[in-house]
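This is what each chain is made of:
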Amino acid sequence: MKQLSELATPFASVAEALIAAEGTAPWLKKRRQDALTQFNMFSLPAKKEEDWKYTSLWDFSQQIFNHHTESVEIAADEVDSVALLHDAYRVVIVDGVFSEELSDIDALQSGLCITALSESVDQLEHSLGQQTELTKVGLNALNTMLMSEGVVISVDSAIEIEKTIEIIVINTGNTANLATHLRHKIELETGAKATVIEHYVGLTQDSYFTDVVTEVNLAERAELTHYKLQQESNNAFHIATLAAHLAQASHWLTNNISLGAKLARNDIHSQLLGEQSHVTMDGLYLVDGEQHVDNHTRIDHAVPNTTSDELYKGVLDGNSHAVFNGKVMVHKDAQKTDANQSNRNLLLSRGCEIDSKPEMEIYADDVKCGHGSAIGQLDEDQLFFLRARGLDEVSARSLLTYAFAVDVLTRIPNHTIREALAKVVEQRLPKTGEKE
Amino acid sequence: MLEIKNLHASVDGKEILRGINLTVNAGEVHAIMGPNGAGKSTLSNVLAGRDGYEITQGEVIYKNENLLALEAEERAQRGVFLAFQYPVEIPGVSNIYLLKAALNAVRKYQGLDELDAIDFLTLVRSKMELVKMDEQFLHRSVNEGFSGGEKKRNEILQMALLEPSLAILDETDSGLDIDALKIVSEGVNALRSQQRSIIMITHYQRLLDYIVPDFVHVLSKGQIVKSGDKELAKELEKTGYSWVDEQPEGVSA
Numbered sequence: 001m002k003q004l005s006e007l008a009t010p011f012a013s014v015a016e017a018l019i020a021a022e023g024t025a026p027w028l029k030k031r032r033q034d035a036l037t038q039f040n041m042f043s044l045p046a047k048k049e050e051d052w053k054y055t056s057l058w059d060f061s062q063q064i065f066n067h068h069t070e071s072v073e074i075a076a077d078e079v080d081s082v083a084l085l086h087d088a089y090r091v092v093i094v095d096g097v098f099s100e101e102l103s104d105i106d107a108l109q110s111g112l113c114i115t116a117l118s119e120s121v122d123q124l125e126h127s128l129g130q131q132t133e134l135t136k137v138g139l140n141a142l143n144t145m146l147m148s149e150g151v152v153i154s155v156d157s158a159i160e161i162e163k164t165i166e167i168i169v170i171n172t173g174n175t176a177n178l179a180t181h182l183r184h185k186i187e188l189e190t191g192a193k194a195t196v197i198e199h200y201v202g203l204t205q206d207s208y209f210t211d212v213v214t215e216v217n218l219a220e221r222a223e224l225t226h227y228k229l230q231q232e233s234n235n236a237f238h239i240a241t242l243a244a245h246l247a248q249a250s251h252w253l254t255n256n257i258s259l260g261a262k263l264a265r266n267d268i269h270s271q272l273l274g275e276q277s278h279v280t281m282d283g284l285y286l287v288d289g290e291q292h293v294d295n296h297t298r299i300d301h302a303v304p305n306t307t308s309d310e311l312y313k314g315v316l317d318g319n320s321h322a323v324f325n326g327k328v329m330v331h332k333d334a335q336k337t338d339a340n341q342s343n344r345n346l347l348l349s350r351g352c353e354i355d356s357k358p359e360m361e362i363y364a365d366d367v368k369c370g371h372g373s374a375i376g377q378l379d380e381d382q383l384f385f386l387r388a389r390g391l392d393e394v395s396a397r398s399l400l401t402y403a404f405a406v407d408v409l410t411r412i413p414n415h416t417i418r419e420a421l422a423k424v425v426e427q428r429l430p431k432t433g434e435k436e
Numbered sequence: 001m002l003e004i005k006n007l008h009a010s011v012d013g014k015e016i017l018r019g020i021n022l023t024v025n026a027g028e029v030h031a032i033m034g035p036n037g038a039g040k041s042t043l044s045n046v047l048a049g050r051d052g053y054e055i056t057q058g059e060v061i062y063k064n065e066n067l068l069a070l071e072a073e074e075r076a077q078r079g080v081f082l083a084f085q086y087p088v089e090i091p092g093v094s095n096i097y098l099l100k101a102a103l104n105a106v107r108k109y110q111g112l113d114e115l116d117a118i119d120f121l122t123l124v125r126s127k128m129e130l131v132k133m134d135e136q137f138l139h140r141s142v143n144e145g146f147s148g149g150e151k152k153r154n155e156i157l158q159m160a161l162l163e164p165s166l167a168i169l170d171e172t173d174s175g176l177d178i179d180a181l182k183i184v185s186e187g188v189n190a191l192r193s194q195q196r197s198i199i200m201i202t203h204y205q206r207l208l209d210y211i212v213p214d215f216v217h218v219l220s221k222g223q224i225v226k227s228g229d230k231e232l233a234k235e236l237e238k239t240g241y242s243w244v245d246e247q248p249e250g251v252s253a
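First to last, the sequence lines map onto chains A and B. Each residue of the first sequence is one higher than the one before, counting from 1 in this note's numbering. Each residue of the second sequence is one higher than the one before, counting from 1 in this note's numbering.
Hints listed in this document are in silico derivations from the structure and should not be mistaken for laboratory results. C-beta atoms are modelled at their ideal positions from N, C-alpha and C, and glycine is treated no differently. Watch out, some of these pointers could steer you wrong.
If you want a taste of the chain B side facing chain A, the calculated C-beta under 7 Å gives, among others [stated by the list, open to error]: (1) A69; (2) E73; (3) A76; (4) V88; (5) V93; (6) A102; (7) G148.
Calculated lysine to aspartate or glutamate pairs in the EDC-like style (CA-CA distance at most 20 Å, straight line) [unchecked claim]: (8) B:K226 - B:D214; (9) B:K151 - A:E380; (10) B:K151 - B:D119; (11) B:K100 - A:E393; (12) A:K357 - A:E6; (13) B:K100 - A:D392; (14) B:K108 - A:D392; (15) A:K48 - A:D80; (16) B:K100 - B:D119; (17) B:K108 - A:E359; (18) B:K100 - A:E361; (19) A:K423 - A:E49; (20) B:K5 - B:E59; (21) B:K100 - B:E135; (22) B:K151 - B:E163; (23) A:K336 - A:E361; (24) B:K221 - B:E74; (25) A:K327 - A:E359; (26) B:K5 - B:E65; (27) B:K151 - A:D381; (28) B:K151 - A:D379; (29) B:K132 - B:E59; (30) B:K100 - B:E74; (31) A:K163 - A:E223.
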């Protein structure tokens with residue numbers, strides 16, 4: 001058997017071409033070069049690594065991805081039809097390229113700055129890579145050596161952005177097996193508030209690869225509400241890192257809804273670096289067929305008096321496979337930490353598999369920490385009750401499945417976003433019931 | 001309305017119902033009483049269409065249809081209603097959603113359009129008065145955190161809304177204090193009509209003081225061993241159930 005290091009896609013030579021390209025700032029060349037060196041040394045993580053025990057990249061490693069985008073135009077109403085929100089600052093990336101025409105960022109509220117990475121990367125020497133480390137997570141090196149597009153958002157101090165910012169990343173299927181490498185950066189200065197949605201959409205059921213790293217930096221008292229809605233093609237690969245640093249009294253609410261992709265992997269990391277900082281880290285995954293979703297989350301309570309609340313729920317059908325690995329780390333001095341973590345799974349078929357691994361490492365002695373994991377099936381008594389009230393079996397199963405998933409949505413503070421996401425989730429519910 | 005003929009049913013190979021015969025005409029209220037283990041709940045579950053019961057003999061005709069050939073939801077859509085002994089809690093599904101989905105399922109079968117939001121709410125409110133339920137119950141998850149009495153009132157609310165032709169009340173009095181029993185009984189009495197038949201399954205005579213039946217049947221060891229009018233229930237209250245077990249098998253009075 002070939003090793004994972006023998007990749008069908010020549011990622012390294014694509015990176016070399018980027019490094020050699022004229023006009024690249026020297027610091028960026030060096031970053032890419034360092035990442036390439038790293039990538040050449042370690043390549044892709046193999047299953048023998050603990051963090052990749054339940055997720056194989058073998059199939060991924062055998063794909064031949066294309067890094068050259070055919071230029072493509074899509075109609076504005078096509079973007080409208082996939083967008084989660086109608087009233088939002090919209091930033092649209094089509095097949096890995098920022099589209100100014102399709103985006104709506106001309107009249108921004110004062111204090112808000114949104115740019116495409118391709119247009120502003122030269123100014124990011126000191127901020128890019130602050131929240132992620134090359135060595136830590138397997139695929140950050142790949143992203144760093146190849147990142148070519150993304151969205152850079154910054155909010156000035158004490159400014160509250162009223163409109164939601166929706167980043168829409170669309171794969172049109174126009175370029176076969178396209179790989180896109182995106183890097184987003186969200187920076188909120190002292191006391192700033194904003195809501196950002198990362199939305200990934202495939203317009204076809206084709207194979208492609210979305211690689212994304214999102215870095216979040218929250219200054220004192222900043223509040224970011226962040227949603228990720230992943231609706232990739234069922235043959236796509238989606239590999240993402242989301243990492244945030246939280247300064248004193250800052251709040252981060254992140255909600256990660258994973259519905260699409262053949263293989264989806266999220267590494268989500270929150271570092272609570274200032275006292276009174278808080279993270280709510282929620283997620284919902286609905287998978288069926290041959291889908292595989294892996295959510296690895298980590299919360300570091302690095303200082304005293306920080307809080308975290310994590311709820312991940314999953315619905316599995318068909319032969320799907322889900323992995324949840326949630327680590328909460330309470331460091332030595334992090335007294336009065338209050339951390340709560342829960343992962344609950346609903347299994348709708350006999351063929352699906354869940355590997356759930358909640359982990360807490362606690363090195364402080366005056367803390368309040370709780371975690372739990374549950375795996376279950378639909379309740380036969382509830383099912384009969386609904387059928388005895390006239391609901392057919394498929395509707396009854398669908399309703400109970402929705403009821404299971406809904407509390408992740410009820411934790412969403414914004415009514416419009418909650419309703420929009422609820423609609424998306426409802427549409428994704430299993431339409432056929434499996435009879436005993 | 002309903003005709004049960006020589007009904008035999010087993011669970012896991014064990015025969016629970018051993019030849020039930022019962023005819024219920026439109027507008028009649030029948031009480032089926034019996035000791036624990038007589039097959040009371042099995043009878044209500046079999047009539048409502050719960051999985052897990054094997055019908056080994058006999059038939060059930062409901063409005064000229066073979067009831068046993070229908071799925072649970074098809075029975076409900078045709079007007080069969082089971083008020084549960086233990087109403088389940090369904091976190092995440094609001095009461096109002098359940099009521100609407102149930103009503104629309106029945107209306108769809110009847111070839112009627114769905115009610116619009118305002119008409120539906122007006123209708124639900126009028127039915128809630130019947131069982132003295134506060135409107136806040138509409139927006140809570142189905143039965144979640146409800147007291148025993150609230151759960152039973154919620155069952156009767158569903159019955160009032162769905163207006164079934166045949167209602168089977170399975171131990172509706174169990175777990176009710178006297179005030180709740182009165183409210184539930186008043187609700188059921190208000191729903192008595194010439195078009196609606198009711199089968200009340202109960203262990204105790206107490207319920208029958210509030211909902212007075214036309215007929216009383218005693219179920220024992222999977223058979224109806226005695227039938228009579230409401231006086232039979234009073235007799236049972238005095239003598240208890242011990243005598244029924246002494247009846248020779250297969251005797252139907």
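So, going through the hints one by one against the coordinates:
1. A69: Nearest chain A Cβ about 15 Å off; hint violated.
2. E73: Nearest chain A Cβ about 5 Å off; hint holds.
3. A76: holds, 4 Å
4. V88: holds, 5 Å
5. V93: holds, 5 Å
6. A102: holds, 4 Å
7. G148: violated, 16 Å
8. B:K226 - B:D214: Holds - the C-alpha atoms of D214 of chain B and K226 of chain B are around 14 Å apart, at most 20 Å.
9. B:K151 - A:E380: Given pair K151 of chain B, E380 of chain A holds - Cα atoms ~19 Å apart, limit 20 Å.
10. B:K151 - B:D119: violated, 25 Å
11. B:K100 - A:E393: Satisfied, since the Cα-Cα distance of roughly 17 Å is no more than 20 Å.
12. A:K357 - A:E6: It is violated: about 30 Å lies between the C-alpha atoms, which goes past 20 Å.
13. B:K100 - A:D392: holds, 14 Å
14. B:K108 - A:D392: Distance ~12 Å between K108 of chain B and D392 of chain A Cα, so the pair holds.
15. A:K48 - A:D80: With a Cα-Cα distance of about 44 Å, the restraint between K48 of chain A and D80 of chain A is violated, given a limit of 20 Å.
16. B:K100 - B:D119: holds, 11 Å
17. B:K108 - A:E359: violated, 49 Å
18. B:K100 - A:E361: Answer violated: K100 of chain B to E361 of chain A is near 47 Å, above 20 Å.
19. A:K423 - A:E49: Given pair K423 of chain A, E49 of chain A is violated - Cα atoms ~38 Å apart, limit 20 Å.
20. B:K5 - B:E59: Given that 20 Å is the threshold and the Cα spacing comes to 5 Å, the pair holds.
21. B:K100 - B:E135: holds, 15 Å
22. B:K151 - B:E163: Measuring from Cα to Cα gives roughly 18 Å; hence the hint holds.
23. A:K336 - A:E361: holds, 15 Å
24. B:K221 - B:E74: Measuring from Cα to Cα gives roughly 29 Å; hence the hint is violated.
25. A:K327 - A:E359: holds, 5 Å
26. B:K5 - B:E65: The hint holds at about 13 Å.
27. B:K151 - A:D381: Cα-Cα ~15 Å, so holds.
28. B:K151 - A:D379: Measuring from Cα to Cα gives roughly 18 Å; hence the hint holds.
29. B:K132 - B:E59: Distance of about 39 Å is beyond 20 Å: violated.
30. B:K100 - B:E74: holds, 17 Å
31. A:K163 - A:E223: Given pair K163 of chain A, E223 of chain A holds - Cα atoms ~14 Å apart, limit 20 Å.
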